[in-house]
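Peer 1: Residue numbers (the numbering used here), protein chains in the order written: chain A, 8 to 641; chain B, 163 to 374.
Any given hint could be a false lead.
[Stated by the list, open to error] If we take Cβ atoms under 8 Å as the criterion, some of the chain B residues that face chain A in the derived model are:
#, residue
1, Ser180
2, Phe181
3, Lys183
4, Glu230
5, Gln233
6, Ala236
[Stated by the list, open to error] Pairs of lysine-lysine residues, derived as DSBU-like cross-links and limited to a Cα-Cα distance of at most 35 Å, are as follows:
#, chain 1, residue 1, chain 2, residue 2
7, A, Lys552, B, Lys349
8, B, Lys274, B, Lys237
9, A, Lys552, B, Lys340
10, B, Lys282, A, Lys464
11, A, Lys584, A, Lys596
12, A, Lys464, B, Lys237
13, A, Lys552, A, Lys596
[What the hints assert, rightly or not] Facing chain B, from chain A, some residues (calculated, C-beta under 10 Å):
#, residue
14, Gly432
15, Arg468
16, Leu495
No lab work stands behind these hints: they were computed from the structure.
Quick caveat: nothing in here was measured; it's all calculated off a predicted structure.
Quick reminder that beta carbons are idealized off the backbone N, C-alpha and C, glycines included.
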Amino acid sequence: MNRFQNIFPAAIRLPGMFLLLILALTGSGMRDGFAQSAPARDDAHPKRVLVLFNDARDTSGNITLQQAFQTELQRLATNRIDFFEEYLYARHFTDPAHFQLFQNYLGRKYAGQNLDLIVVFPAGDYALAGALPAALFPDVPVVFVTANELEVPYAISKLGVTGIIQRFDIRGTLGLILRLQPDTRRVVVVGGTSESDRASLGRIQEIAQGLEGIEIDFWTNRPVAELPAAVKSLPPGTVILLSTIQRDAGGQPYFMSQVAQLLVPSASVPIYVLGGLAVGSGVVGGVVVDSEKLGAHGGQLAFRVLGGVKPESLPIEVETKGTPMVDWRALRRWHLNESRLPADCVVRYRPVTLWDQHRDLILISLAVFLAQAVTITGLLAQRKRRRHAEAEMLNQQTELAHVSRVSTMGQLASSLAHELSQPLGAILKNAEAAEIFLQHEKPDLEEIRAILADIRKDDQRAGNVIARMRSLLKRRSVELISLDLGELLRDTVTLAESDARARLVTISLQLPVKLPDVRGDRVHLQQVLLNLILNAMDAMAGTAKAERHLTVRAELLPDEYVQVSVSDCGTGIPPDKLARLFEPFFTTKPDGMGMGLPISQTIIEAHGGTIRAVNNATQGAVFKFTLKVADPSS
Amino acid sequence: MSSSPESGTVFIVDDDASFLKSSSRLLRASGYAVKAFESVQAFLDQLAPEMTGCVLADLQMPGMNGLELQQSLAKSINPLPVVFLSAQGDIPTTVQAMRRGAEDFLTKLGSKEQLLDAVKRALARDAQERNQRGRRRDLQARFAALSPRELEVLGHVVRGRLNKQIADELHINLRTVKLHRTNLTRKLAVPSVAELTRLVEEAGLFRPDQQP
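Build out the structure end to end from the sequences listed, making use of the hints.
Peer 2: Written as structure tokens, this is what we have:
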């Protein structure tokens, strides 16, 4: 039992340890991530990177883009990198003079700074990536990263500028819409009026033409302010697709996420978007531009250029594949079936479950649990099987012992019959004598009383014989109790005596003056003794009558054991057979079963004793077995 | 029950004290003189020629058993009849015991009548055999008076030989044969050859087919 009791706490402890281990690992990972901007690097030649933004720093896409870009570049680079960030605020300062001012400012500011790289997030205005750097720092390589639908001006590629353009995945988003809402009949496209916005709308129109049975409705002439009212009562089967709105019909600058936030509370139908940053404002989602991914991609490109690769040798990358991304809360709101999402779809804002947080940990723990459960089950099953086998074996041993006892009884039957006829015959004779006495005129009552006393005595004697037989025939398991060995030996010798008489064998019993009680099972020990005595008598069948002597002896051994020996004057045991005596089915007798000694051994070993056979120095063999003293202290 | 008409003692030999006591008691109550012995050896030690009666013996006993008692007794000066009592006898033992002249073979669980009947017969047999043995001893004493030659002639006479044949056989003359015959009939006091033959047979002197 101990083994199993110990396993359970271990099973509970183990996942706990895993948890700690994994927390420790992720914790250190997080620290590393934060530590990237920390020095611990070669400060001898810090790289200088000028980062230019078309819009404000807090423009929704910029922060994410810039962080992803900077993190990735810093991760790859071995040198320290100094980033200088500048923002054009183009959306708010539309005057061309502003651009010039900005350019002058940069020229003055970074004139002696030995820039290593210029990274531009142009948001569609390629002048920031082309004309401006070319005018100010013609020798500094330029990399741009942007997400829009505009074509790259020819001039840019001529300048040897490289970059990444992420296209809106309109085809993918329309696919996602139809996948989540197969009964869609109408798509209301809300878009802006800027050059970039119109390019997006153009693409949408182009792609939507290929969709049969879907009506595309472009809402481009309504100011954003009017839209919340307009989307209030759109009929089922309609969805809203939000295109880019850098500037609305009223000339107001917007971001896609701002418009989304305005529309979501009142819209009667789900809203889909093209930009990843709008996800979270309440829209369903779309196959969107993932700013983190784009930023990291840009960081990788910047690293190559910073490392010395000529920008002109790197073609401008155009990424058309977006990232499927949805808002779990919106899916719930519109009763959209999560199982319809593509496998690679990013589901945001799902309540973080333990499963999401510690999936691997849980899986590992489960695996460990499972393995343990299987092991435990296996062990338990094995134990059960073993117990079962043991019980079965014990059962069979008991059965066999019983059979053996019955066969011992068979051998003793004639002598037992004799044993019974003695008292019964005596009773009969006494009764008949009493009848005669009673016929006398003056019956001798003293005599009759004596007769009755004798009858009672003989009746008890007969009863004892029967009790001995019955106890010998009982089928039972070994029950160890404290018992008087001397009495047991006397009784057993008595039981065997009539048989011995018939075989002309004399039995002598030698007991020490003081013999302690032993721990044993009376019936089983009697069986062992009878078996040894009968064997001994069998062994003396060929011995001269005068020498047929059998000795049963008990003696106290020094280490709290009592030894019982049964010694005969027979032929002894051939030395080559001595070793095999206790093997089942091994017998030296022509009609022997070969079970007596193995069963005797089993019984003695169940008593915690041993049994062995040796040849006497002079004549015959002696079988010795030991038994534990019942209470050594007494 | 009337007292037993037979004289003699029942010698009971049994190692089982309880049975020895009860069977002694029964026989004594039935009017017999009883003497009990716990072993064959104890009985044989006390055996004397003047002891009359029968032996009632257990078959299975430690030391000498019933059959050995029977054999010893048969060879002794006082071959008392034996009735065996057995707790349970097997057939070969029974046959052996009966063949050696046991009066009866009873089981210890047998009825009183069987036992008394067997004892009665054994006692009668003892009386008869004792009587026979007495007569035989008398006759043997009478025959002992004969000379060796007279005995030789007697042997031929009881086989029914004629005097002439006897003379030829013994290479003596006819007259001598007649003289021997006269002497032996006088010594034995028998009137006829027929009576002589009966006496010789009774004395167990020599078997008819035996050459003298």
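Peer 1: Please list, smallest to largest, the hint numbers that this structure does not respect.
Peer 2: 4, 5, 6, 7, 9, 12 and 16
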